Amino acid sequence: MSEKLIYMDNSATSPVDQRVLDEMLPYFNQNYGNASTLYRLGVEAKKAVDKARQQVADLINADVDEITFTSGGSESDNMVIKGVALKEIQKATKDNPRNHIITSSIEHPAVLESCKFLEKFGFEVTYLPVDEDGLISLDELESSIKDSTILISIMHSNNEIGTIQPTKEIGEIARKHNIIFHSDAVQSAGKIPVDVKEQNIDVLSLSAHKINGPKGVGAIYIKKGIRFEVLIHGGGQEKGLRSGTENVAGIVGLGKAAEIAKDELEEHMKHNQEIRDKLIEKVTAEIKDSYVNGSLDKRLPNNVHFRFSGIEGESLILRLDAKGINGATGSACSTHDLKGSHVLAAIGIKPALSHGSLRLSIGPENNVEDVDYIVESLKEVVAYLRELSPLWDNKLDEYIGDQFEKEVEEEDLDRY
Amino acid sequence: MEEYSQKVKDHYTNPRNTGVIENPSGEGTVGNPVCGDIMTIYIDVDDDETLKEVRFSTFGCGAAIATSSMITEMATGMNVDEAYKITRNDVAEELDGLPPIKLHCSNLAADALQAAIEDYRQKKEKKE
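If you read the protein sequences in the order shown, they are chains A and B. Numbering follows my numbering, with no gaps: position 281 of the first sequence is 281. Numbering follows my numbering, with no gaps: position 30 of the second sequence is 30.
In short, the hints are calculated from the structure, not lab data. Being a predicted model, the structure only gives us computed values, none of them experimental. Backbone N, C-alpha and C define an ideal beta-carbon position, used for all residues, glycine too. Treat the hints with care, as some may be off.
Stated by the list, open to error - Which bits of chain B does chain A cover? Going by a derived footprint, with three or more residues having C-beta under 8 Å, they are:
#1 3-17
#2 31-44
#3 48-61
Take these sequences, add in the hints, and give me the full structure.
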């Protein structure tokens, strides 16, 4: 195993910044008070939570009382989708069932699975398709709206291929029709400018551990006046929106991470984009049959998503790991259910080819000097796996996988 | 992710008997690239029905590569009829187990070897 470690899976999670950790530590065993109590320890904890609330609000240009802390992006997504559904269904009339949700086919599973869950209870969900860049069509969005539409949930940017949606325009459409607009900004907040006012966002999810903060904490922005049913009942913390003793150390960590992300946003964007563009340029020039999945211009600066014909992603990840490079793949083997990436399928990439994908997500700790090593390693690993692959003709040096593709049969489905 | 056994790691890191046999006595391909794994096993059979050489090419995950590599080691030197009896379970056991999720989907090597042996038998029948 290589001693070297180049961690380029920052969209999966990221290392906690030392400044964030330093800020958090006192809240474990010194200022450990419950933020709901009256004595000094409790008051200190409450102050720390309030400070973090301001830091998070500043990151996305919200007001401080519009921020609620949660356990992370998944909880925030669940909270708004199920919460809005439960609120609106109570207003159902004979003429208007108030039960229609519009989302996209490339959302994070926290959104998609919440929507599927609601379908079991009679809600109707429109999953908007995307084009080859991963963008929804604004016309299609608008024409999908019905009287019964209660929520539009479209992600700010995609976690796999990094496509940035036209949030401002989506928000305009939602406002015109008086529908709540939620955006999952877990991959955007702290990576690109996110401004809930400018971008017409009513509800937004974000998470700490994608921006060099701790795992297990996130936030939801809820614009003043937006109401939905509470899912976690209890002691009434977070103004009753999310009960449970505040995760003070985690919240402090999220606040500090948000502050750093805001202060260093431009610098990080420039740094990430330099590495991203150099990777794209070198890999596509030096490796035959290598492609970039998703949009080239409407893309997160820290995301690059490659596809190599004739090889499978898990074996690619394992061999890169042996060289000290950590990335992610959309291959079936990387997912819990062994199905290929729903995002790559939605942008029209055939399953046989989507298995050979590699996401590298860049963070502030990566160095542009490492690009050459990554490209050399990739060249070697891709060449080796192609030599091993029956889908690659080693004499002609080309992909021959199409002839092996079969309809997926019952028997195959049993295997998965 | 559940970790692979040391033997699985060893076999996907340094797979044995990779590559094509030109004019093999038999070859068998199983799997579907759409599902993420496909493998071909090539065999070269002696006059006394012994597997003289077994090679593979595989598109698939670590487990798919490791099971292919392992079965080529197990089968080389075996009598054809004996090798035909190698099961998916035998391969997994020889690798000190596979993560449960991989037991069914990526454990195709025994099927590929059987397909290669069937191909060999058919070719032999035609000749006789």
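Quick rundown of the hints versus the structure:
1. Look at the segment 3-17 of chain B against chain A: 3 of its residues bring a Cβ nearer than 8 Å to a Cβ of that chain, three or more, so the hint holds.
2. Restraint check on the segment 31-44 of chain B versus chain A: 9 residues with Cβ-Cβ distances below 8 Å, three needed, restraint holds.
3. As drawn, the segment 48-61 of chain B meets chain A at 5 residues by the rule of a beta-carbon pair under 8 Å; at three or more, the given contact holds.
Of the numbered hints stated above, none is contradicted by the structure.
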